[in-house]
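Asker: Letter by letter, the chains look like this.
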Amino acid sequence: MEPLVQRIDILRRTFDEACRGIADIKVLQDLRNKFLSRKRGYLAQLLEELKSLPVSERPEAGGRINVLKDYIQSRLDEAERTLAATTTASPRIDLSLPGRTRLWGAPHPLMLVTQEIEAIFLSMGFAIEEGPEIETDYYNFEALNFPPHHPARDDWDTLYTTDNLLLRTHTSPVQIRVMERRKPPIRIICPGRVFRHETPDATHLPMFYQVEGLVVDEGITFANLKGTLEYFLKTFFGEKVKIRFRPSFFPFTEPSAEVDIECLVCGGGDAQCRVCGGTGWKEILGAGMVDPQVFKNVNIDPERYAGWAFGLGVERVAMISHQLPEIKSFYENDLRFIRQFMIK
Amino acid sequence: MKISLNWLKDHVKLDLPLPRLLDRLTMIGLIAESWEDKDGDTVLDLETYANRPDTLGHLGVAREVAAALGLPLEEGRWPVVESSEDTAASAAIQIQDEDLCPRYCGILVKGLKVGPSPDWLRRRVEAMGLNSVNNLVDVTNYVLYETAHPIHAFDWAKIGGRTIVIRRAKKGESLKTLEGREVALGPDQLVIADEIRPVALAGVIGGEDSAVSETTRDVFIESAYFDPVSVRRTAKTLGIQTDASYRFERGADIGFPPKAALRAASLLTQLGGQATRGVLDVYPHPRKNRIVMLRHQRTQDFLGVVIEAGEVERILTALGFSCEPQGAGLWKVEVPSFRIDVEREADVIEEIARFYGYDRIPSVATPLKVGEPVVNRRRERIDKIRRLLFHYGFDEVLNQSFADPEKEARFGTGREPVVLRNPISTRASILRTTLAGSLLETVSYNLNREFTGVHIFEIGNVYFRLNEQPVEQLTLGLAGLGPLGYRNWNSLWEEPDFFDLKGTFEALMAQLRLVPFDFTAGSCPWLEPEQSLDLRYKEEKVGSLGCLKKDLALTHGLLGSVWMAEIDLTGLLAKTPPVFQTVPVGRFPSVVRDISFLADRSLPYQDLRKAVEKLGLAALESFDLADRYDGEGVPPDKVSLSLRFVFRHPQRTLLADEVDKMEQKLLLHLQSAFRIEPRTGGSIDNRARKN
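For the protein sequence lines, the chains are A and B, in the order given. Each number in the working numbering corresponds to the 1-based position in the first sequence with 495 added. Each number in the working numbering corresponds to the 1-based position in the second sequence with 209 added.
I should point out that these hints are in silico values taken from the structure, not numbers from a laboratory. Be a bit skeptical, because a hint or two may be false.
[What the hints assert, rightly or not] Residues on chain B that point at chain A, a partial pick, calculated with CB under 10 Å:
#  : residue
1  : 292
2  : 509
3  : 568
4  : 574
5  : 577
6  : 578
7  : 584
8  : 655
9  : 667
10 : 681
11 : 698
12 : 711
Heads up, the beta-carbon is just placed ideally off N, CA and C, and yes, glycines get one too.
Construct the complete structure from the given sequences, taking the supplied hints into account.
Answerer: Written out as structure tokens, the structure reads:
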């Protein structure tokens, strides 16, 4: 055993000698092979020699070899770390090369805007409700206080199916369905696809997205309508945006209002503004106090309860907030357009 | 509605700059869409509402403006040059269908000389965007645009007999209209007739035969009230819309016909004619003005602001309402006949709000009462799907719901489409039964615009009929072609294949916690049967994924494999996933063993997987296909597979012996179930997790 122990010590010294001043990774690699290679490394040879020792001596000698192996291993690892630390600082890699990015799919802008709107109302305790797109005349018109043959229907040009159902012209039928089903307090928004018999132009398409909202409870006032919608618009368009409520007409609300925000392009300063036509205002949504007749139609007592409702076109809001002139850009699905919303 | 400021000033003494006037108009609900200066006048284009026919004339708009500015309204004085001839002696009116015509007035103006209008009249008519025709026609238009009440002039010489009859048309009757169109009539239409034949479609258009012309000398002026629904139906059915029908179908002022007749007579006599004495007025059942009770408290409750009683009265009076106090906080409000829109207390409150000013009503957040929980799980899960697909590199698109039946037929979905009765165009005459069509168009649109790889999805409804009933099915559609991701200087730009698609849906099902799910042979009619699968959850098919049929790809100008999927989200989201639970992290080391063997090429991996699962080894934590090789050294009908098994015991370290036994058991089990040849040397002991 003696010679083996001596050889272990010699090997250790030899290693220490060789290990001094390793200049590059190549030398280090050679050293590692020389000592630790499983087949021809010095240590492997020593281990081979173990077999020639009597069984009783093997554990001790083996232990020593292992100690040396661990020692060499750790010295080499340390040397490698030192080397690595110096080489990374070397100019061989051009760190200005572009990083490797992964593609992350982009959301459609209309879904993005819908979700932004939803988030604001969700934070105020509104629930999201949905309903069918193929509707009956009753839910789309009659229950909403559009008598048959009323000229007000002209403002909601309608697409009909062959069996006299229709494609809902607004998501208001969802409001009716919810009021039929549930007792106040009600506080909902209804997003979804709606349809109109419209010839496509820069700002109209026969299908678009809406978000409508409804609140029904005791003691609800027009002041509440104003307060909540102002909060919504300021959250969406910014604290400083100017808002105007003006009288309008919808069969299902009384009083009715249209809500304008100041023109985001000219702020009212340009009489020739192409966006607002010089008025300084852009119409953003319609609203009003729920008409008592609508309440009667769903068996809610208008003497006890009051409510307010609003409706907006998602495309319109998106066009105004992103200053897009053409509604069709939402449905061309040009990925050069859609991918811009990846970072929004 | 066009409003000339000069004309408006006839009725209200306006004296404020245009921007201020426009602002005041806007804040009472009369918004000018545009305006233009014309011959020293300014003409506004006011937006008007279907419930306010009274604002379809200058007088009505002046009433609103006067109320808003606190100025008096001047209705004007309409002197008539009368002859000694009594109207009643020369003409008679007979209403046969009072339900459709409750009031009809008439007066004769004789001795007219038809010719060019005087300048003032021509300018007014032109301000309304009309061409001046002659003094007679211009006067009828003038009255309409001034009072909002349509009137009609018949050439008295062309009227057969001396009685004007208002009746439903008889079957077989017809009328040649002023437009020169011959229209067939029936009992659904109300007509004005002489003793022989119809001479006008009541409230819609006059007849050519009785129309005034250059040679007309005597006219019969009609001023009536016609039933709005009847006028609307007639106008709609015959496809004729006129300034008159537009107003009658919205509801004329039933109190106004005699005044409109006088107004016309006044103007015509100023132009040289002489009116007969007295307006014939047939009004068998005069209607009383509506009465609405208004509670002061209700105004406050509804608007959220206290408006003083004095102000309420001032507003209503200025608008032509009369209010009579009925004790404290209660008024009996009489609604003038021109305000057909005001029927209930809420309508009166709207008037108060409008003239009090929406801008003066405070803004108060809606008080929150906690009702039902607001979370919408379904939408949350849809959003989970979207986020997963973004992560996998798919962009989101949205398409219109319409489809071209011809193009749709190519997909052979076998679904009966929902057909539109009045489509915008024949190419959009049905609702889509699959998302595939519009997705493919989107793919090819983008390939034509500098994209090499397009990977997109849409979530939206498809529509079809099931047992004749329309069904809306929320659907996820997905399409991908070409390389995915960015081309980069140091990374591969890879084209996904079927297994990328499949992996996406495996991940999606895992995200929704709808496991275990299953794939079976593809049944989607527009996917290659050999390269597609159906996705199933609890035996139920929820969708398909695979390679688009080559001929369909070519139809869309697409070369290469188009990987597509369509998943029924209505069905999928109706499933309740198990409650989320964590699994304790294993505290003892795992043992990994690979088993390699040659198998028949025809043996589906799925069968192997199921066989292993069936064995139910408790300590088998997981297993996967680690390698698959069919190159050199493997017989052509065989394939070399390596399954990697991970064993772990929850309470202790596994012994090598135990693992050996389990491995043996697995191998024997697979050997007994399938024709496989184990390969030696492929098996490694990997206790230290190193190869």
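Asker: Are there hints from earlier that the structure breaks, and if so, what are their numbers?
Answerer: The structure breaks hints 1, 12; every other hint is satisfied.
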